[in-house]
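Here is what each chain is made of, one letter per residue.
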Amino acid sequence: MRIDKTVLFIIICISGLQCDKPLDPIDAFTPELIVEGYLTAGKSFQSISLKQSISGDDLFDYLYYRDDPHKWISGAQITIATDSWEVNLVEDSEQAGIYRPSEQDRFVVTSNTTYSLEVQYQEEQLSASTTVPGAIHINIISPFNGTNIDSGDTVILGIDSAEKGFGYAVTIDERDEYNNSWQLIQHNYFSEGYFFTLEERIVIPNNYFRYYGAVYVIKVYNLDRNLFDLYVTQSRSSWDPEPVAMYIDGGLGIFGSYSADSVFITVTKHEK
Amino acid sequence: MTKIKSVNESPSEYQQFLLVFLTFIQVLFCQNTGSINGYVIDKQTGEPLVYANIIEENTGKGTTTNSGGYFYLQLPPGPSMITFTYIGYETFQEKIQIEPGKLTTLTIKMEPASIEFTSVEVWADKKTDITTSLITLDPRRIDAIPVVGEGDLTRVMTSLPGITFENELSSKINIRGGDPDQTLFLIDGAPVFFPSHLFGAFSMFNTEAIKNVRIIKGNPPLIFFGRNGSVVDIINKDGNREKITGSIRLGLISNQFNLEGPLGKGSFFMAGRRTYYDYVIALLNKIGLNAAGVPDYYFRDLQLKITQQVTEKDKVMISVFTGSDYLDNFSPDLQFDKSLDSVEDLMYSTWKNVMFTGKWEHLISPAWYSTIQVYDTRYTTKINATNTLLMYITPGIPGDDYYYYSNFLRDAGVKAVLQYMGTDYHQLTVGMAVNSYNYQYNSDGIYHNKVNRLDGNQLLGNFFFRDIWEISPKLLLQGGLRVNITNKENQSGIDARLAFHYRLTKNLLLKGGWGQYTQYLHMVNPPTLLLLRTVDLWLPVAGQVPPSKSRQWVGGAEYRAPRGKIDLEWYYNNTTNIVRLKIPPNKYQRMNEFLYLGDGYSYGFEALATTTFSRATAQIGYTLSVAKRRYPGFNNGYYFRARFNRLHEFNFTTEYRLNSNWKLNMNWIFATGQPYTAYTGIFGLDNRLNPQSSKLLMFQLSRENEFTLPPYHRLDISFVRNYVFKRWKMDLEITIFNAYNHRNVISMESSLWLMINRKTESIYSKLMPIFPSISVKAYF
Chain A
1 MRIDKTVLFI IICISGLQCD KPLDPIDAFT PELIVEGYLT AGKSFQSISL KQSISGDDLF
61 DYLYYRDDPH KWISGAQITI ATDSWEVNLV EDSEQAGIYR PSEQDRFVVT SNTTYSLEVQ
121 YQEEQLSAST TVPGAIHINI ISPFNGTNID SGDTVILGID SAEKGFGYAV TIDERDEYNN
181 SWQLIQHNYF SEGYFFTLEE RIVIPNNYFR YYGAVYVIKV YNLDRNLFDL YVTQSRSSWD
241 PEPVAMYIDG GLGIFGSYSA DSVFITVTKH EK
Chain B
273 MTKIKSVNES PSEYQQFLLV FLTFIQVLFC QNTGSINGYV IDKQTGEPLV YANIIEENTG
333 KGTTTNSGGY FYLQLPPGPS MITFTYIGYE TFQEKIQIEP GKLTTLTIKM EPASIEFTSV
393 EVWADKKTDI TTSLITLDPR RIDAIPVVGE GDLTRVMTSL PGITFENELS SKINIRGGDP
453 DQTLFLIDGA PVFFPSHLFG AFSMFNTEAI KNVRIIKGNP PLIFFGRNGS VVDIINKDGN
513 REKITGSIRL GLISNQFNLE GPLGKGSFFM AGRRTYYDYV IALLNKIGLN AAGVPDYYFR
573 DLQLKITQQV TEKDKVMISV FTGSDYLDNF SPDLQFDKSL DSVEDLMYST WKNVMFTGKW
633 EHLISPAWYS TIQVYDTRYT TKINATNTLL MYITPGIPGD DYYYYSNFLR DAGVKAVLQY
693 MGTDYHQLTV GMAVNSYNYQ YNSDGIYHNK VNRLDGNQLL GNFFFRDIWE ISPKLLLQGG
753 LRVNITNKEN QSGIDARLAF HYRLTKNLLL KGGWGQYTQY LHMVNPPTLL LLRTVDLWLP
813 VAGQVPPSKS RQWVGGAEYR APRGKIDLEW YYNNTTNIVR LKIPPNKYQR MNEFLYLGDG
873 YSYGFEALAT TTFSRATAQI GYTLSVAKRR YPGFNNGYYF RARFNRLHEF NFTTEYRLNS
933 NWKLNMNWIF ATGQPYTAYT GIFGLDNRLN PQSSKLLMFQ LSRENEFTLP PYHRLDISFV
993 RNYVFKRWKM DLEITIFNAY NHRNVISMES SLWLMINRKT ESIYSKLMPI FPSISVKAYF
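These protein sequence lines are chains A and B, in that order.
1 is the number of the first residue of the first sequence in the numbering used here; add one for each residue after it.
273 is the number of the first residue of the second sequence in the numbering used here; add one for each residue after it.
No wet-lab data here; the hints were simulated from the structure.
Note that the coordinates shown come from a computational prediction; the quantities given were computed from them, not determined experimentally.
In this text, a Cβ means the ideal position worked out from N, Cα and C, and glycines have one as well.
A couple of the hints might just be wrong.
[Said to hold, decoys possible] Calculated cross-link-like contacts (lysine-lysine; reagent style DSS-like; alpha-carbon spacing at most 30 Å):
no., chain 1, residue 1, chain 2, residue 2
1, A, LYS71, B, LYS967
2, B, LYS624, B, LYS654
3, B, LYS624, B, LYS483
4, B, LYS1001, B, LYS483
5, B, LYS315, B, LYS585
6, B, LYS998, B, LYS315
7, B, LYS1001, B, LYS315
8, B, LYS1001, A, LYS219
9, A, LYS43, B, LYS967
[Claimed, not checked] Pair ranges (Cβ atoms, derived):
no., chain 1, residue 1, chain 2, residue 2, range
10, B, PRO904, A, GLU103, 57 to 65 Å
11, A, THR79, B, PRO963, 46 to 54 Å
12, B, ARG1015, A, TYR178, 25 to 33 Å
13, B, GLU1033, A, TYR178, 34 to 42 Å
14, B, GLU1033, A, PRO143, 47 to 55 Å
15, B, TRP842, A, GLY75, 48 to 56 Å
[As the list claims (entries may be wrong)] So these bits of chain B aren't anywhere near chain A, every CB distance computed over 10 Å:
no., residue
16, MET353
17, GLN580
18, TYR676
19, VAL686
20, LYS778
21, THR848
22, SER886
23, GLY953
24, GLN972
25, LEU973
Here chain B stands alone, though its shape is the one from the complex:
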């Protein structure tokens, strides 16, 4: 007979032990102090504000809210003035009397600032978050960068030093010389793969859904795992707990909506987007405007988040993200030049992201906070393409070439984190995680007479520990250790991290850090898709290729002036066990045999200055960046610059209030060109397979990425008008992309030399010309 446990039953031995243990820890660190705890929330919506700053003005002691908006702070007895700050919100101050041994619980309601301008936050006021290279974005900042269509997180990110876009056809970003797969994208704590849309014209995430974005460009804390570069940590809105609100945005090629409101003991938030570019093309064809040859493309995505405050101490959250892209009839030359339309390269591809996560946050005691999260994220892609290009330039080559790839990757796992905040000088975090990667790769094409299918899986576990130690009021030290365990032989290991903040003067802060990180996933792109980069291909190399490891060094200084801030940082990263597809990719029995295994390093200097005037705000960023790769057996084993690398990049962004109704946003970028590999000469060889034909045309290749494209520069402008129409608040946005119509070269297609009057000319692929667009956004 099953024994039913009584609710009044005394705690089990395990529970007793846990209670004693926690009390012991608390007593160990406890002094004759009082303490405050509670939540920081948005006054209008009731949403918890994550990573808000809390400073006690007399002592300088401080903390931050955690990912649940919760805080706990020990303070000496007596009168206290507590200041709460959060990006995009009015500063809030509270006077309280701290009683020895007594806990004061607060619920701080912060008012969104009726600010004219938005900004990014680099100043390290946070007492318990000494993450180096951290930038926190005000979500409203995203709308301040002019783009075609809609606000774009990518654009905001690439306006910051150290973050560059790979090319104009891609939303992929490279942070501090790392490959795109080295950046971990998290939505509500769960990883997502390649959450981008074609051409970079559409935001990778629905910006309406975003509550907080933290970009950690380097030396990330060890609570983040799975990648060895940087982290983009996005927390979506929980939803308005007070009333139902929403907005609709209608643009020329896309629309979006969001809806939020109270639900049960919490709230919900949902947002969706759908482009209708494909319908526009169909309509053009229908009314007789020939749009044949123009690619069909659309994407749709949907986000849903439900948060419930089950008890005072328990909060549960469910978050779902799904996004699908469809591209058909796509000609990769993108020359916007009808004379080249005889070259028929057509591609069909789809890529899809599905993410589900559930989280339970539990306040064990005022000083102990636990989080348990499960997640399941899946990425699927398919590419189908035909290519008759070679028929035109190479005599003797037969008809249609085609290739087909499909790729599936799943990451499912559970992680648990326990935070202890009950001491003056230490903030302790311990945690563990278990996750599994499952992947599948299929390929077919002219080089193979059979479909190749590969499957793989890898089980990973890790334990991590972090301590933030306030050595003195001026010096903070953060140390962490993570033990990685995997079911693949010889692939377990240890990651470590150390970081410090030293406040030299009230307005000058020095910072630095070192870390070692491991990544078990490898991403490659087949050479035929190197330019396009419409999708990612993740290879099942677990157990065959060692995990990629990186070591990162960061140093810098932050200076706060009366009207702005200056942030300077330098970095050096080196990475081992990075992969590249071998050419030719045949005759190899195992995955690791058709991969080059190499290493790389990157270093650079970044400067970011922000300033605010009465009617304007400006942000100036400069980046010096060198990123190199080396693969034994390729390019004679020499280091070469990574394809995405731009040596210098300068970015200027401003918001200017023209009058009470109109605002001007402007973004100008100037960057030196990216490197590329070129054909420099030609020669002929006998065609032994077809002696009747003329000779094979062969190309002489330069060294890898030996040449450099012309500099890149572009100005985007948008005008925003706010007005009220029948009680609806509305924004009208007119955007001019590439305002002075500079056709930037994004690649040099040296394989497509053009012969005019017996003279050979290189063909350059150029960026879109000037492109105006208009959209209307209505709030209800």
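For reference, chain A alone in the conformation it holds in the complex:
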């Protein structure tokens, strides 16, 4: 059978073109390094953890089984530095993938200082930095009777901060007397938004304080950019995947800093 030359030419051209091959992303998984570390103003630095991400196939195990499927990474070289000093971390002898300062290198985190992180593991290098926000103090502006509030009261908090961070996160935990535990009932983020400045007063509506006699703890976090953006973008709903802000060069994870203060609120019966 004789094939028309033109048809043959078209077939050759088309077959030479790049073709798309659908691939399930779960099957295409390759592990990445995850670094995690937090600094709190005025407190001793604890540790950096290093592990690898896990396949989507491990989702069920991760969510519902206590055995952590992550692979913890040993043998990495991790350094934390400021402008004036540098500390090499040492891997914890009992916990793989956890790196701490040695006894003589322990340090207390100071506010308004920029800390840099360098991680070297085989051929991979990760780096990040954070500027530690200053300590904060919560004043209850309203109601005037301090930590005992009426059930109909709106709570207004004033924030004293030497060094404002990137944004505040506020959490409200309710005391669960039955289970003898605390339960997070609400959290929210307060930041400099598109066109307004960071508020120094935070208003918490009265509907969060529902039960007479209940005890609540309101905690305000003064977050650096890394943590603030991580929490905001991580909790964002999105149908098309969008990146979560992590600010780790060469890998994933978080290296962030914050300060925090909290107040306890007891709700009394509304007497009006």
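Chain B: place on chain A using the hints.
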């Protein structure tokens, strides 16, 4: 005391100057020739036919009617045979004797072809319209593409090479790798924003109202402004000048009507549509069939056009278009899977388009034609949504998430165009336009503790000049220049365009072009709506973000065979200053700070072949298309494929006459998959805000649009039966959408992994299954 000017008063100095100037130009180009002028109209309705071809057979000289149906042509003295052609009409020929220095005025009445089949026109017979990448659609073609509900201009357009739909949930189209906002939609010369309806099941325009559609896929002439990509130029019917006629169409989920007829010294045309899907849902609930969870949706639109021939030389037109869409109780997962109904994502949104335009066309002299047009077009959208999805997949995340957006954009302006047709070798067009953009943007949501409102405006002016130069009978050259002036600093600039047609043989034409274009509007969609694309959001970034600029190169060839035509084109476009929303969109004081500013390029090859047989016509299209984007600071600064981009697309459309009563329409599309970004892995992080809870579940993301969806293919079929019922001509149409029930994947919701037997599976959003529908159309 006010002096009343006498009608017999001699012309003012300005008028005298204008007269002398025009005469000078005319004399300058004038030779010892005769000339013809006049209008080309529809014989049955008296409507002017726009962009009709006029060729003098002996000399090959030719022209086209303008947007008012007017033409003027200089010819050498002697006997002439003039041929008039227009898509969808019988060819008309007129013998006339050309006298030197004498003007012969003609009114050409063309008869609509009693054709079996419709077609698209790509062959560049037009002597004075050497627009490259131009496709003219026969409006009747729109009904030949099977769709659910009604004829759809979008479907016809996406059956053509180089034009692709973004996804099945949207009527938005991408032309030659451009974003949807880079296509200028014009109705009767006035711009409209996002004139589409949900799911793409409804036509963006009422096709009954359309007289002429010109799609300029690339390298558009500079008389079009406002966008830097392509142009869809729709001219609506003026209305029947002879008698009152109309039609009614009743479908399962929508109905429409149109009415036209003589009015005063001209005509009117009005058309409207209303879907009643919302009533169907309510009825299902009422009779006990549980339709809870099914979204409420309806749209309505109305078009009205009044045309008056005030004098022999003056015509005025008023055209109004309004369309509103309402969507409520909408769950964006669209899984058609009840097992996922526990995921409660509900959205309410509305979007509305209102356009008004008025035009005055004046024949100054046989060779001079002027048009002045004013327009005002407004686009408003609101979105309100709640989302509890995250509660189900991310421990520690609190209750309801919500977001709210509203957006308003107004474009109001005036443009004036002056055409000179009084020379053998040149067609001159000059013009100017002034318009202003006003916009407003509001947003609120879980990330903000205050409502954010932004306002903006921009004033623009432009002057343009175009010349079409017939260098030789084989070679036509078109050049244009436009000067853009704006009230924003450093944003004025110049656009330019060059195009040529070279007729190598009688049946083979080579063509090419280059152009540089500017766009002052920027459109973005928040990430949460990226898939849905139910509405557009236009950002007020004037003065803060530089205008987007594109450069386009086009080359190609057209070959006319005895039974059909083949059109081949390649293109390369690059665009700068395109925008994308930054993540996270907070902590930024100015609009430009929460936008990525990037660039993109696209290139491709397109082939379109049409052929006609005794009982059938067929159209085959192939597109190779690559469209990439890059934003410094995003995706490590690497180029990535645009979300809508399909590498290969093949389209086959046919009309087949089964017998004297029945006709079969068929449309089959095969396309390689679109790219998407996926979560490839997971990991946990401490939740410092809630130490009592389990860890935060984090997702490892692939590179932007690294993965590709499975190929897309679908067959739509419709059977049309013509019959007469009690003196009413009627069409019965039975449509089968997705005839072989291939559930195409339109997105991979990797954020919604499903866990079955401890195994994780990706969840795919799939297109509708097979969907039959029926409609009846009656003419009176």
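Results of checking the hints against the structure:
| no. | hint | in the structure |
| --- | --- | --- |
| 1 | A:LYS71 / B:LYS967 | holds (16 Å) |
| 2 | B:LYS624 / B:LYS654 | holds (9 Å) |
| 3 | B:LYS624 / B:LYS483 | holds (24 Å) |
| 4 | B:LYS1001 / B:LYS483 | holds (21 Å) |
| 5 | B:LYS315 / B:LYS585 | holds (20 Å) |
| 6 | B:LYS998 / B:LYS315 | holds (26 Å) |
| 7 | B:LYS1001 / B:LYS315 | holds (20 Å) |
| 8 | B:LYS1001 / A:LYS219 | violated (75 Å) |
| 9 | A:LYS43 / B:LYS967 | holds (22 Å) |
| 10 | B:PRO904 / A:GLU103: 57 to 65 Å | violated (45 Å) |
| 11 | A:THR79 / B:PRO963: 46 to 54 Å | violated (27 Å) |
| 12 | B:ARG1015 / A:TYR178: 25 to 33 Å | violated (49 Å) |
| 13 | B:GLU1033 / A:TYR178: 34 to 42 Å | holds (39 Å) |
| 14 | B:GLU1033 / A:PRO143: 47 to 55 Å | holds (53 Å) |
| 15 | B:TRP842 / A:GLY75: 48 to 56 Å | holds (54 Å) |
| 16 | MET353 | holds (37 Å) |
| 17 | GLN580 | holds (49 Å) |
| 18 | TYR676 | holds (14 Å) |
| 19 | VAL686 | holds (33 Å) |
| 20 | LYS778 | holds (21 Å) |
| 21 | THR848 | holds (24 Å) |
| 22 | SER886 | holds (24 Å) |
| 23 | GLY953 | violated (4 Å) |
| 24 | GLN972 | violated (5 Å) |
| 25 | LEU973 | violated (6 Å) |
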